[in-house]
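Enquirer: Listed below, chain by chain, are the residues.
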Amino acid sequence: NAGVMQNPRHLVRRRGQEARLRCSPMKGHSHVYWYRQLPEEGLKFMVYLQKENIIDESGMPKERFSAEFPKEGPSILRIQQVVRGDSAAYFCASSPGYGPEQYFGPGTRLTVT
Amino acid sequence: RKEVEQDPGPFNVPEGATVAFNCTYSNSASQSFFWYRQDCRKEPKLLMSVYSSGNEDGRFTAQLNRASQYISLLIRDSKLSDSATYLCVVVAGTGNQFYFGTGTSLTVIP
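Protein chains in written order, with the working numbering: chain A, -12 to 100; chain B, 108 to 217.
Just chain A, same shape as in the assembly (with noise of 0.2 Å):
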């Protein structure tokens, strides 16, 4: 049974670029919680998403940052324009729904020039 699936794990944008971010959970789980690590801080709840709703985007900052999770594929975090202070970890966790534990996946590592 493969684990919480990102891609990429690292990508480079330039300020004012879009970066998309993917998450593929693990096989029979269908909630997704996005988290975002700050260099030398920790974890923060960004949203939390089943199929094809938001179920709470109190984390997300107000502007440039959207997710969604379609009945088909990855779950995708999407940061429009992005800047330098959006430079960090991104991980992505699932759950099956039917307990609070999460499995986190690999992370993707943003680094805005």
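Fair warning: there could be bad hints in the mix.
[What the hints assert, rightly or not] Below, simulated SDA-like cross-link-like pairs (lysine to any residue); rule was C-alpha separation at most 20 Å, straight line:
| # | chain 1 | residue 1 | chain 2 | residue 2 |
| --- | --- | --- | --- | --- |
| 1 | A | Lys49 | A | Ala75 |
| 2 | A | Lys31 | B | Lys186 |
| 3 | B | Lys186 | B | Pro117 |
| 4 | A | Lys14 | A | Tyr90 |
| 5 | A | Lys31 | B | Thr131 |
| 6 | B | Lys152 | A | Gln24 |
None of these hints come from the bench; they were simulated from the model.
Starting from the known structure of chain A, arrange chain B on it as the hints suggest.
Expert: Chain B only, in chain A's frame:
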């Protein structure tokens, strides 16, 4: 006030030592509690759940004190492979969001 507070350390201990980490949380309605381990530049991995009755897994013991809103992790007979950052996690909210502490860094020295 932060949701979860941890002493960042670092803790540098010799092999075989016993080390304890502590964590406090602010939301009394928090539902579940975990310790995760994160190696450098890797993803967090579940170490163990934390219950009021205590939870032991080999050399690791976790404890929850709901009255004091306090969580602990005890590692006995430390191994070199225990070197990592230990993350206290509190689950709250309708969506089971994880609230992470900033992590406690442990280095076990030969």
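Enquirer: Does the alpha-carbon distance linking Lys49 (chain A) and Ala75 (chain A) stay inside the 20 Å limit?
Expert: Distance of about 18 Å is within 20 Å: holds.
Enquirer: Hint check: Lys14 (chain A) vs Tyr90 (chain A), CA-CA at most 20 Å. Holds or violated?
Expert: holds (12 Å)
Enquirer: Would the hint linking Lys152 (chain B) and Gln24 (chain A) be met if the CA-CA limit is 20 Å?
Expert: holds (15 Å)
Enquirer: Check whether the Cα positions of Lys31 (chain A) and Lys186 (chain B) lie no farther apart than 20 Å.
Expert: violated (30 Å)
Enquirer: For the pair supplied as a hint, Lys31 (chain A) and Thr131 (chain B), is the alpha-carbon distance within the 20 Å limit?
Expert: holds (17 Å)
Enquirer: Run the distance test for Lys186 (chain B) versus Pro117 (chain B): straight-line Cα separation, threshold 20 Å.
Expert: holds (16 Å)
The structure fails hint 2 only (numbered hints given earlier).
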